[in-house]
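Here are the chains, one letter per residue:
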Amino acid sequence: MEKMRNMTSSAVDPLELEQVRRRVFLALFVALAVALHTVEVLLPNPIPWFRIGLANILALTALFSYGIQALWIVSISRILIGSLFLGSLFSPGFLLSLGGGIVANILMSFGYRLWQNKIGPVGVSVLGALGHVTGQLLIAWLVVIRHPSIWMLLPFFLLFALISGIVNGLAADYLLGSLYRHSAFSGLKSNYEQSKYPIKEGT
Amino acid sequence: MKAIGWVARLTPFDCKLLIVVTVLVALSFLLPLSQGAGARVVVSSDDRIVFVAPLDKDQRVELDGPLGITVLQIKNGAARVISSPCSQKVCIHMGEARHTGDLLACVPNQLVITIEGDSDGEDAEYDFISR
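Protein sequence lines, in the order shown, are assigned to chains B and P. Under our numbering, the residue at position 143 of the first sequence is numbered 123, and the numbers go up by one with no gaps. Just add 56 to the spot in the second sequence (first one is 1) and you have our numbering.
Hints were generated in silico from the structure; no laboratory data involved. Just so we're clear, the structure is a prediction, and the values are computed from it rather than from any experiment. Glycine included, every Cβ here is placed at the ideal spot set by N, Cα and C. One should not assume that every hint holds.
[What the hints assert, rightly or not] Covered stretches of chain P, as calculated for chain B (at least 3 residues, CB under 8 Å):
1. 69 to 79
2. 159 to 165
[Unchecked claim] Not everything, but these chain B residues come out facing chain P in the computed CB check (under 10 Å):
3. 131
4. 136
5. 142
6. 145
7. 150
8. 153
Start from the sequences, fold in the hints, and give me the full structure.
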C-alpha cells in the first residue's frame, strides 16, 4: 500500500493527498449529480410527478466512498445547484425536493450507520427512495394541500420509489465496482467492499 | 439468467431488506382499498370547502379556481375532472374517484376533490360543511 502511494505522489503527504482527492471527487460527484438531475427533468415523463432520481446514484457513490458527511454534501448541494439551474429555487417544487432529500438522507444515513458492513448500495438506495417520496408527500401535505386524503397516494408513490430505488442502487453498485478498480480509490477504507466481500471468520 | 444477474449484486442483508420493504409497500396498498363506495363529493380550495354534492346524483359542476374554471362531472357514482385550465392536466389523467378517501387534485388551480363516506365518523368536518 505504502509503495503504491509513493508511486502516485512522490514527496506529498499521503494524508493530504487523500484529502485533496476527496475534495476533487466530491466536487465531481456534485457536478455529475446536477447534470443527471437536469437531464432527467428535461426528459419527457409519462407520469408528471414521478422521477427516477438518477442524481441519487452519485450521492450513494459518495456515501460508500467517503461516508455520511459526503452523502449530505453531495445531495444538498445537488438540490441547491440543480434548482438554481432550472430556475425553481425557493419555489414549492424546490421545497418538495428539499424535504424529500432531507428525509431520504436521514433514512440513508441511519441505514448505513446501523447496518454498517452489511447493507449494500441497493439497500441504502431503496431506503432513500422510500424516504424521498414520504418526505415529499409530507411537505406537500404541510405546504400545498392541507388535506389528509393526500396520504392515499402514498402506496403508489412507495411502489414507484421501490422500483426506482432498486434501479439507482444497481447503477451505484456498478459505478462503485468500476471506481474501486482504479488506484485513486485504493487508499480508502472501503465500506463498499466490506459489505460486498465480508471478511470471513477463520480465514 | 439475466434476471438472476442483478440479484447477485445485492448483499444478503439487502435481499432481506428488499423482501421486508416489498411486503410493507404491498400492505400499504390495502389501507385505501378497504374503504367502501363513497357517499358525497367534497371540493375544497385553499383550505375552504367550496362545494358538496351527493355522488348518486349525476351532474356537471363548474368550479372556480385562480386559473379559471375546472369542470367536474359526477356520473354513475363516480367523480372525474373533464376539463381544466391547468397546463399538465394531471387532474384529468387521475381518472375517476368513487371510493371513500379517493382524491382528485388540481394543484395549479388549487382544487382538491375528495370522496367522503356516509358514516365516515369525521363529524368535525361534516359540522364544518353544514355551518
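Outcome of the hint check:
Counting residues of the region 69 to 79 of chain P whose beta-carbon sits less than 8 Å from any beta-carbon of chain B gives 6, enough to reach three: the coverage restraint holds. With 3 residues having a beta carbon nearer than 8 Å to a beta carbon of chain B, the region 159 to 165 of chain P meets the requirement of three or more and the stated coverage holds. Against a cut-off of 10 Å between C-beta atoms, the interface hint on residue 131/B holds, since the closest Cβ of chain P lies about 9 Å away. With its C-beta approaching chain P no nearer than about 8 Å, residue 136/B sits inside the 10 Å limit, and its interface hint holds.
Here the hint on residue 142/B is kept, as its CB sits about 5 Å from the closest CB of chain P, short of 10 Å. Evaluation of the residue 145/B hint against chain P yields a held restraint, the C-beta minimum of about 9 Å falling below 10 Å. Given hint, residue 150/B at the interface with chain P, holds; its Cβ is 6 Å from that chain's nearest Cβ, closer than 10 Å. Interface hint at residue 153/B: satisfied, since its Cβ lies 5 Å from the closest Cβ of chain P, which is below the 10 Å cut-off.
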